[in-house]
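Engineer: Following the hints, complete the assembly by docking chains B and C onto the known chain A.
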Amino acid sequence: MSKLETVGLTKSFSGLVAVKDVSFHMDEGEILGIIGPNGAGKTTFIHLVSGILMPTSGSITFKGRDITYAPAHVRSRIGIARTYQLIHPLENLKVIENVMVGAVFSKDKSLKAARKSAEAICAELELDGLNRDTTQLSILEIKKMEIARALANEPEVLFLDEVMAGLNSDETKQVIATVQRIARERKMAVGVVEHVMGVIRELTERVIVLEAGELIAEGPYETVSKDPRVVEAYLGGAA
Amino acid sequence: MKLKGSYIAVVAAAAIVIAFPAFLGAYPLNVARSVMTYMALAISWDMLLRSGQISFGIAGLFGLGSYASALAVLRGGMNPFASVLFAAAFAALVAFALGFAILRLRAMYFSITTLALMEIFRIVMQNLHDFSGGPEGVVLPKIIFDGYSPALYWLCLGGLFLTIGVSWYFEKSKMHLALTAIRNDETSARSNGVNIFKYLLIAFVATSALQGMMGAIQVQSYGFTTPDTAFDANFLMLPMAMALLGGIHSTIGPMAGAVLLGIASEWLKLKIPYGHLVVYGVIIILVILFMPQGLFGLARKAMRNRRKAGANNE
Amino acid sequence: MANKRNATLVVVLIIVAVAAILVWRPTVLINGIQAAGLYASIAIPMGLILGIVHIVNLAHGEFMMVAAYVTYMLCIATGIDPFLAMLPVALVTAVFGFVVYKLTIKQALKSPELNQLILTFGIGISLTQVANLIFTSQTRKISFDYVSASVDIGDLSFGVFKFVYIVIAVLMVVGLRLFLTRTTTGKAALAVGQNPRGAAIVGIDVDKTYGFVFALASALLGMMGAVFITTSSIFPAVGSPFTMKSFCLIAMAGIGNIPGILGASILLGVSENFLKAFRATRGWADIVFFVLIITVILGRSIKGKKA
Chain A
1 MSKLETVGLT KSFSGLVAVK DVSFHMDEGE ILGIIGPNGA GKTTFIHLVS
51 GILMPTSGSI TFKGRDITYA PAHVRSRIGI ARTYQLIHPL ENLKVIENVM
101 VGAVFSKDKS LKAARKSAEA ICAELELDGL NRDTTQLSIL EIKKMEIARA
151 LANEPEVLFL DEVMAGLNSD ETKQVIATVQ RIARERKMAV GVVEHVMGVI
201 RELTERVIVL EAGELIAEGP YETVSKDPRV VEAYLGGAA
Chain B
1 MKLKGSYIAV VAAAAIVIAF PAFLGAYPLN VARSVMTYMA LAISWDMLLR
51 SGQISFGIAG LFGLGSYASA LAVLRGGMNP FASVLFAAAF AALVAFALGF
101 AILRLRAMYF SITTLALMEI FRIVMQNLHD FSGGPEGVVL PKIIFDGYSP
151 ALYWLCLGGL FLTIGVSWYF EKSKMHLALT AIRNDETSAR SNGVNIFKYL
201 LIAFVATSAL QGMMGAIQVQ SYGFTTPDTA FDANFLMLPM AMALLGGIHS
251 TIGPMAGAVL LGIASEWLKL KIPYGHLVVY GVIIILVILF MPQGLFGLAR
301 KAMRNRRKAG ANNE
Chain C
1 MANKRNATLV VVLIIVAVAA ILVWRPTVLI NGIQAAGLYA SIAIPMGLIL
51 GIVHIVNLAH GEFMMVAAYV TYMLCIATGI DPFLAMLPVA LVTAVFGFVV
101 YKLTIKQALK SPELNQLILT FGIGISLTQV ANLIFTSQTR KISFDYVSAS
151 VDIGDLSFGV FKFVYIVIAV LMVVGLRLFL TRTTTGKAAL AVGQNPRGAA
201 IVGIDVDKTY GFVFALASAL LGMMGAVFIT TSSIFPAVGS PFTMKSFCLI
251 AMAGIGNIPG ILGASILLGV SENFLKAFRA TRGWADIVFF VLIITVILGR
301 SIKGKKA
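Chains as they are written, first to last, in the numbering used here: chain A, 1 to 239; chain B, 1 to 314; chain C, 1 to 307.
This is chain A alone, in the form it adopts within the complex (with noise of 0.2 Å):
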């Protein structure tokens, strides 16, 4: 059964469509992958999908519920939870402290609790020092620490906005095998923006493909990559 779906989904800004009917669903513990050229509409999309901006029209559905207008506080509550493409540090609070928000109010835990369990998902990730300030972290820190933060919501959908942005390879090999451990040992479904598409090809077992705006091919990696259409849209927007 899919967790999150859309059919439709469509947003505009002032005549300008960002994202044009676009109809999608994610599974359980499946990895999708979301690809298409720079200003496709990648990141309004999963700002849609994450309540941080509302669509024009369509609808979104979460486990069989209607969210399509729920807010963000809501839709990360309920079990949706995402990272973004530029880092969003709270940089009055300590590391683990930035963790434990996610836990703290998306989960309702007590401050006791929270911590124990940004800790557990501190380790996990092998990030130490929780006890700096955020602007003493390298900035491979930084991603894994708002990595942390999103999984402390214990969403049962993840999107990862170009994590790996700003990585060396050793370092995105390593932000990918304990992602794809964690998605794997909490049945989690994980959306993944990324440019890199040896990251795409690694990680996922399927992909979507946009290109202004609109959803132009599905289907494993292999074959997408083979579409005319999406040869197309990439030698388009490089040329």
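It is worth saying that the hints were derived from the structure and are not from the lab.
Remember, predicted model here, so these are calculated numbers, not experimental data.
Heads up, some of the hints might be wrong.
[Said to hold, decoys possible] Ranges between beta-carbon positions, derived for each pair:
| # | chain 1 | residue 1 | chain 2 | residue 2 | range |
| --- | --- | --- | --- | --- | --- |
| 1 | A | GLN85 | C | GLN107 | 49 to 59 Å |
| 2 | B | ALA82 | C | PHE278 | 34 to 44 Å |
| 3 | C | THR8 | B | GLY76 | 36 to 46 Å |
| 4 | C | VAL10 | A | VAL7 | 37 to 47 Å |
| 5 | C | THR8 | A | ASP227 | 32 to 42 Å |
| 6 | C | GLY299 | A | GLY39 | 29 to 39 Å |
| 7 | C | VAL10 | A | ASP21 | 35 to 45 Å |
Positions of the beta carbon are idealized from the N, C-alpha and C atoms, including for glycine.
Structural biologist: For chains B and C alone, kept in the frame of chain A given last:
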């Protein structure tokens, strides 16, 4: 061990301030009351500031509390002590209702709107001649505790302790995470389950209740008020300067700032009757320009640097 | 289509309302427009700063207070007329505004908005209190014969001098428009206001532009302060109410819309004087402005949410 030490220090400090009337006369107690009132306002202003919202409405809620309490006694025959609680509840209720509209605003729009509300409260009190006494204000039949100054001191201290307690709770509970997350990054807060409106409303209602309560204590201790005294801009300006000087986003910062500035201003008031408030303006400017973290922020930074230096030496 | 019809309807309603007031109580309109001129000519310099430097100067009213005191001193010392004092006072306040900008506001341009608000608030307090130190809180006034000039039309008699404010406001609107669209400096300032980073890339000195705009706005405000003392007595806190009024008018007009400030001022001035026309509501006239500001701000926030 360390926790126990600070616990003992807090209890000892509380015991000393409770015992003040034993060795202080009426005048110093009066000064202490004024400092404590400003301190409570400074702390409550800071509590909402922790969410990133700058309220310019402290004086408005303070004045509203004064009038609610005075009128409850005068027109409703309420017990003066009960009227303090009534004023707090009334301020909370007003804040709750207003919160639905104004907590959608951010930055300068929120600030200016709270300032405008304060003016509206003042004009209403000035014009409801039959009910509120108009520009001449209201005079209570008698001062609470018959004006016995140690009792007045303890009443004010009680209000201050309550404010410190609530502020401390805000620092130690999940309110701290919620308000800091909202201040740092609303988007991130939302997508991690923080119901922004709910926590802003809690903070706004709680701080308004505290401000209303302090206004009520003030009016019951002096026995009269007028629109100009109840909504005096000093009740906005001084607490802001105190919190900024001591260090915002904490309980201890505004407390330290209030002690320093409160005592300094009593002294300056005697030296320079006109314009001693210039000190507050200059302090606000200097603090914003040269040490936006305040005194406690500076101290914290110095301590961290020393620790770092120590670590490097090893 | 529907929009156009609505707009026409609003215009017709306004004309009918104005005509009705004119017939029934002409003084409401006359006093309203005179007050509007005063509000607008104080608000326009603030609008210039807000539109280009993007700073809410909470010391705006105090800047005018400074100009008023400078004029007062000058007139007392030399016996010249405030209208003659306009130019020297403008020069003084331009330098004053420039120095305040360089010493304080410039340092806080990159700080959070919170710091800027509190900073200019602190500047305002300091200016008021320095005036208190030097001049005490006593009110001061110089009287001029020409201020009481009046006109009789039928049984209606009213003062005409205060129309000088609406003249000043209109001159400011026209002058600023010409300056911002016709001169190189003005065009550069407009570009900086719209996109400071872009303007810097094409070689405009942003810092210099900000400093210039502060000086220009302060000069305009200085002239206004000079005229202000002809009709009003002055005291240290005389400027404070105008800060918020100015901000409200700018918020109503929309940031960057200088002619709109004049329109908003007329609305405010006429509504205030409407309430002042009745004994029962006279004391409530001040509230109009605050209710208006809250309505406008809330209205804008709701509209912003929908868009």
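Engineer: Indicate, hint by hint, whether the structure satisfies it.
Structural biologist: Here's how the hints hold up against the structure:
Restraint check, GLN85 (chain A) to GLN107 (chain C): a C-beta distance of roughly 33 Å breaks the suggested window 49 to 59 Å. One distance hint, 34 to 44 Å for the beta-carbon pair ALA82 (chain B) and PHE278 (chain C), holds here, with the actual separation near 39 Å. Distance hint check: the CB atoms of THR8 (chain C) and GLY76 (chain B) are about 53 Å apart, inconsistent with the given range 36 to 46 Å. Distance hint check: the CB atoms of VAL10 (chain C) and VAL7 (chain A) are about 41 Å apart, consistent with the given range 37 to 47 Å.
Between THR8 (chain C) and ASP227 (chain A) the beta carbons are some 55 Å apart, a value that contradicts the proposed interval 32 to 42 Å. The supplied range of 29 to 39 Å is met by GLY299 (chain C) and GLY39 (chain A), whose beta-carbon atoms lie about 34 Å from each other. Checked against the hint of 35 to 45 Å, the C-beta distance between VAL10 (chain C) and ASP21 (chain A) comes to roughly 39 Å, which is consistent with it.
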